[in-house]
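Chemist: One-letter residues, chain by chain:
Protein chains: 2
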Amino acid sequence: MSKIVKQEENFSKWYTSIIENANLVDYGLVKGTIMFKPYGFAIWKRIQEEFNKILVSLNTAEVCFPMLIPYSEFMKEKEHVEGFNPELFKVSHLGEKKLEDELVIRPTSEISFCNYFKKNIKSYNDLPCILNQWGSVFRVEKNTRPFLRTSEFLWQEQHAVFADKKEAFDFSITMVNEYKKFVNDYLSIAVLMGEKTENERFAGADNTFTIEALMPDGQVLQSATSHYLGTNFAKSYDLKYQTKNNNYDLMFQTSAGLSTRIIGAIIMSHSDNNGLVLPFKIAPIQFAIVTSNEVNKDSDELKAIYKNLFGYKYQTYFVEKSLGLQLQENEIKGIPFQLILGKKEIENNTITIYRRDTREKQNISFKEFNQNFIENLIKEYSSNLFNKTEKRLNSSIEFVNNIDEFKKALDNKKIISAYWSGNAEDEKKLKELTTATPRCFDWNQKIDKTKKCFFTNKPNAKLVYFARAY
Amino acid sequence: MSKIVKQEENFSKWYTSIIENANLVDYGLVKGTIMFKPYGFAIWKRIQEEFNKILVSLNTAEVCFPMLIPYSEFMKEKEHVEGFNPELFKVSHLGEKKLEDELVIRPTSEISFCNYFKKNIKSYNDLPCILNQWGSVFRVEKNTRPFLRTSEFLWQEQHAVFADKKEAFDFSITMVNEYKKFVNDYLSIAVLMGEKTENERFAGADNTFTIEALMPDGQVLQSATSHYLGTNFAKSYDLKYQTKNNNYDLMFQTSAGLSTRIIGAIIMSHSDNNGLVLPFKIAPIQFAIVTSNEVNKDSDELKAIYKNLFGYKYQTYFVEKSLGLQLQENEIKGIPFQLILGKKEIENNTITIYRRDTREKQNISFKEFNQNFIENLIKEYSSNLFNKTEKRLNSSIEFVNNIDEFKKALDNKKIISAYWSGNAEDEKKLKELTTATPRCFDWNQKIDKTKKCFFTNKPNAKLVYFARAY
Chain R
1 MSKIVKQEEN FSKWYTSIIE NANLVDYGLV KGTIMFKPYG FAIWKRIQEE FNKILVSLNT
61 AEVCFPMLIP YSEFMKEKEH VEGFNPELFK VSHLGEKKLE DELVIRPTSE ISFCNYFKKN
121 IKSYNDLPCI LNQWGSVFRV EKNTRPFLRT SEFLWQEQHA VFADKKEAFD FSITMVNEYK
181 KFVNDYLSIA VLMGEKTENE RFAGADNTFT IEALMPDGQV LQSATSHYLG TNFAKSYDLK
241 YQTKNNNYDL MFQTSAGLST RIIGAIIMSH SDNNGLVLPF KIAPIQFAIV TSNEVNKDSD
301 ELKAIYKNLF GYKYQTYFVE KSLGLQLQEN EIKGIPFQLI LGKKEIENNT ITIYRRDTRE
361 KQNISFKEFN QNFIENLIKE YSSNLFNKTE KRLNSSIEFV NNIDEFKKAL DNKKIISAYW
421 SGNAEDEKKL KELTTATPRC FDWNQKIDKT KKCFFTNKPN AKLVYFARAY
Chain U
1 MSKIVKQEEN FSKWYTSIIE NANLVDYGLV KGTIMFKPYG FAIWKRIQEE FNKILVSLNT
61 AEVCFPMLIP YSEFMKEKEH VEGFNPELFK VSHLGEKKLE DELVIRPTSE ISFCNYFKKN
121 IKSYNDLPCI LNQWGSVFRV EKNTRPFLRT SEFLWQEQHA VFADKKEAFD FSITMVNEYK
181 KFVNDYLSIA VLMGEKTENE RFAGADNTFT IEALMPDGQV LQSATSHYLG TNFAKSYDLK
241 YQTKNNNYDL MFQTSAGLST RIIGAIIMSH SDNNGLVLPF KIAPIQFAIV TSNEVNKDSD
301 ELKAIYKNLF GYKYQTYFVE KSLGLQLQEN EIKGIPFQLI LGKKEIENNT ITIYRRDTRE
361 KQNISFKEFN QNFIENLIKE YSSNLFNKTE KRLNSSIEFV NNIDEFKKAL DNKKIISAYW
421 SGNAEDEKKL KELTTATPRC FDWNQKIDKT KKCFFTNKPN AKLVYFARAY
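Just so you know, the protein sequences line up as chains R and U, in that order. Heads up: the first sequence begins at 1 in full-length UniProt numbering, then just goes up one per residue. Heads up: the second sequence begins at 1 in full-length UniProt numbering, then just goes up one per residue.
Hint data in this document are derived by calculation from the structure and do not stem from the laboratory. Check the hints yourself; a few may be wrong.
Stated by the list, open to error - In the DSSO-like style, the derived pairs of lysine-lysine whose C-alpha atoms are separated by at most 27 Å in a straight line are:
1. Lys-53(U) <-> Lys-53(R)
2. Lys-431(U) <-> Lys-97(R)
3. Lys-53(U) <-> Lys-98(R)
4. Lys-391(R) <-> Lys-281(R)
5. Lys-413(U) <-> Lys-142(U)
6. Lys-31(R) <-> Lys-53(U)
As the list claims (entries may be wrong) - Computed spacing ranges between beta-carbons, pair by pair:
7. Asn-363(R) <-> Ser-123(U): 33 to 43 Å
8. Lys-391(U) <-> Lys-45(R): 55 to 65 Å
9. Lys-297(U) <-> Lys-6(R): 55 to 65 Å
10. Asn-59(R) <-> Asp-298(U): 14 to 24 Å
Source: prediction; values computed, not measured. Where a beta carbon is used, it is the ideal one built from N, C-alpha and C, also for glycine.
Could you build all of it, start to finish, from the sequences and the hints given here?
Modeler: Rendered as structure tokens:
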């Protein structure tokens with residue numbers, strides 16, 4: 001195990017040293033792939049478990065579709081194939097046999113879901129149909145980093161079809177709101193929420209909605225997206241259903257996804273120079289009880305602790321010599337609370353609580369350590385993590401009037417708010433000039449005809465957030 | 001929905017019509033792939049959930065490794081690559097760029113696990129290391145059928161390394177025993193358990209242990225396998241650890257897997273001409289409560305039923321007109337018990353219980369329907385399913401002395417027991433002649449020097465089971 005690099009010395013090396021020291025992943029044999037080690041995968045499983053409850057509450061049914069798609073099928077939706085074509089893994093051979101119609105390893109599964117909807121949705125009675133798949137997808141990436149950008153990544157992709165246009169559009173808004181709530185409440189990360197500009201939209205979508213989190217290095221991380229696909233895919237794949245009046249109408253479609261990138265956001269948002277810091281609700285181990293191996297496993301003290309921790313995820317470590325090494329290891333793993341039960345504590349009938357976020361120790365009597373006390377502790381921990389990211393985000397936003405101010409703010413690692421009325425071409429130009437991209441805009445804002453774009457000087461501008469992004 | 005084909009008329013069409021009518025899967029866009037629909041996937045999720053508990057009880061940690069493996073890495077273990085080469089999906093292009101070292105979509109993950117063990121196992125303190133991955137693997141197949149043989153299939157693959165040879169070997173036996181127990185107890189299917197002969201072994205294994213289930217058409221289905229890999233991979237991938245005496249020794253390795261094939265075994269073992277019949281323990285819906293939509297959702301009757309069904313998976317269907325259509329749909333889906341609460345039942349303070357296995361209806365008073373009654377019902381249901389498959393298996397085995405008897409028994413759809421001392425070449429010859437293969441043999445049997453092989457007439461034969469197989 002190598003030492004953790006200091007965040008202030010080299011942010012990027014700090015990030016990878018956290019991953020290495022907390023034993024989250026190894027690099028795979030193929031460039032840009034990662035191997036989830038048990039602890040790293042346990043974090044993703046906790047996210048899955050909790051977010052799946054939300055999906056189920058939204059009447060989402062779980063399916064599992066093939067990884068491979070014929071290239072010819074992929075080509076049917078023009079914008080979709082243009083958006084993904086440079087990034088595709090293509091299968092040309094089965095055994096020794098060369099394929100005439102090459103196969104694509106899915107970069108996303110709109111096409112499989114269209115195939116499913118075409119076969120299974122016959123009439124208005126079958127709508128809406130809301131499905132989700134947990135799996136992995138593949139996109140060729142040049143500059144890869146664990147979690148943040150990998151050629152294969154894990155995610156959930158929800159795909160839905162509706163009879164009613166407004167119902168579909170509203171559902172895509174519902175989903176981005178659900179992502180925001182989940183990331184706020186379960187991962188304790190504040191985010192910007194908004195709509196994507198033309199160039200940043202999903203290939204084949206009419207609207208893409210996004211949540212974006214600010215990392216301590218001033219770069220922004222797109223954390224989840226929800227797309228209103230309109231009838232773009234429905235037209236290309238002939239997705240029609242029989243209406244009440246026996247007509248055949250096109251279905252309206254949405255898709256939405258949250259990926260293992262979010263683990264990158266968790267690491268960067270909360271961790272420090274002593275290791276990982278995990279949000280309480282998705283930590284695989286929420287409480288570590290660290291005690292001497294001389295303590296009886298059935299002792300009254302432990303029994304009382306277990307009783308109070310009922311319903312939480314805890315693990316007990318019976319340590320041979322000094323507790324220090326175990327405490328340090330648990331600290332690197334980002335376990336939210338360590339309950340220390342050393343000789344001194346047992347003698348005095350107390351318990352020492354170590355909080356990972358503040359790194360504060362608190363010695364309290366056994367009597368005080370009750371369920372009420374624990375609940376408050378958890379609330380404090382979660383709010384403390386969230387408030388830090390909210391403060392970071394809010395204090396980072398800077399309004400600019402022109403490109404010089406824009407560049408200066410960017411140098412100061414700010415998120416920029418500016419009036420914008422550029423098109424996709426202008427977005428590309430700005431990116432070339434500054435490496436920053438439009439992240440999102442408030443879709444509810446009224447466009448002020450008198451406001452001019454800071455970049456193109458064209459009128460009808462709206463306020464858009466810009467930043468450098470992961 | 002098409003009608004269910006009669007099993008006695010065409011077994012193979014019966015099988016696919018069950019899958020279609022119970023809404024388990026659709027065919028994927030790529031030949032030989034399947035799309036798990038919500039109900040089909042729910043069955044696999046139940047199997048995952050229950051078998052995962054067993055894996056955890058065996059100290060197995062969960063990981064998730066990449067789908068892609070460089071072909072050059074794959075070639076390092078000679079027997080392994082020879083065994084899988086004709087079946088590999090190869091990726092030749094990333095976007096438009098041709099790859100020098102092609103990638104293989106994993107047909108199994110020994111190589112990824114070897115990569116993990118090499119990086120993470122340093123000393124005897126790190127051993128044993130027992131890992132599992134739930135995921136999908138790819139093998140090119142010519143004749144494909146849903147669940148039974150598909151080019152992409154879902155499975156769990158457990159991989160483990162040990163310092164001690166005997167411990168590794170014993171663990172591979174433990175695993176095949178665990179599979180037998182699981183398939184017996186959770187899926188209510190009787191199996192033969194034994195070791196594979198040379199030609200049927202996993203590519204790269206010293207020993208392969210298997211469980212084999214008999215289908216009603218006389219064909220046998222390999223239902224799970226456990227492999228003792230010895231040091232074959234350890235030598236090729238240089239998997240060494242530091243011993244207590246500071247030497248560097250090779251690790252001993254095992255792997256074991258259970259796949260979605262088992263769903264094919266469940267369907268064929270239990271179902272009938274009225275649809276799917278599911279084993280109680282893995283049925284996504286164990287009890288269907290079918291009642292009129294005039295019944296109050298908070299009625300005392302329903303509350304009493306829910307209380308008694310606490311801990312089981314149940315769903316209530318409030319039906320508009322006659323209950324018949326809903327009962328039939330639930331029957332096709334193989335729901336073990338339907339609790340009918342029609343007008344008559346409510347008037348008389350009774351409940352009608354419909355059992356999917358026997359198709360018997362039983363009207364009992366509300367008072368009788370208590371937890372004890374339910375437990376007994378479940379026990380009866382599960383034993384009934386298991387006993388039928390056990391009887392089928394036991395009555396099918398026939399001992400033969402020569403090839404003529406062998407062929408005749410095979411025509412009568414028997415599993416054959418015969419003395420065998422052939423080698424891999426002889427196995428191939430027998431298969432060409434009869435289409436039957438050696439399925440397994442009791443690894444504990446003492447070889448009788450005087451017994452001669454029914455096929456080669458060579459001495460030192462042991463009793464081996466033969467059958468046609470899926």
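Chemist: Would you mind marking each hint as holding or not holding in the structure?
Modeler: Against the structure, the hints come out as follows:
no.: 1; hint: Lys-53(U) <-> Lys-53(R); result: holds, 20 Å
no.: 2; hint: Lys-431(U) <-> Lys-97(R); result: holds, 26 Å
no.: 3; hint: Lys-53(U) <-> Lys-98(R); result: violated, 43 Å
no.: 4; hint: Lys-391(R) <-> Lys-281(R); result: holds, 21 Å
no.: 5; hint: Lys-413(U) <-> Lys-142(U); result: holds, 24 Å
no.: 6; hint: Lys-31(R) <-> Lys-53(U); result: violated, 34 Å
no.: 7; hint: Asn-363(R) <-> Ser-123(U): 33 to 43 Å; result: holds, 37 Å
no.: 8; hint: Lys-391(U) <-> Lys-45(R): 55 to 65 Å; result: violated, 41 Å
no.: 9; hint: Lys-297(U) <-> Lys-6(R): 55 to 65 Å; result: holds, 60 Å
no.: 10; hint: Asn-59(R) <-> Asp-298(U): 14 to 24 Å; result: holds, 22 Å
Checked against the numbered hints given earlier, the structure breaks hints 3, 6, 8 and satisfies all the rest.
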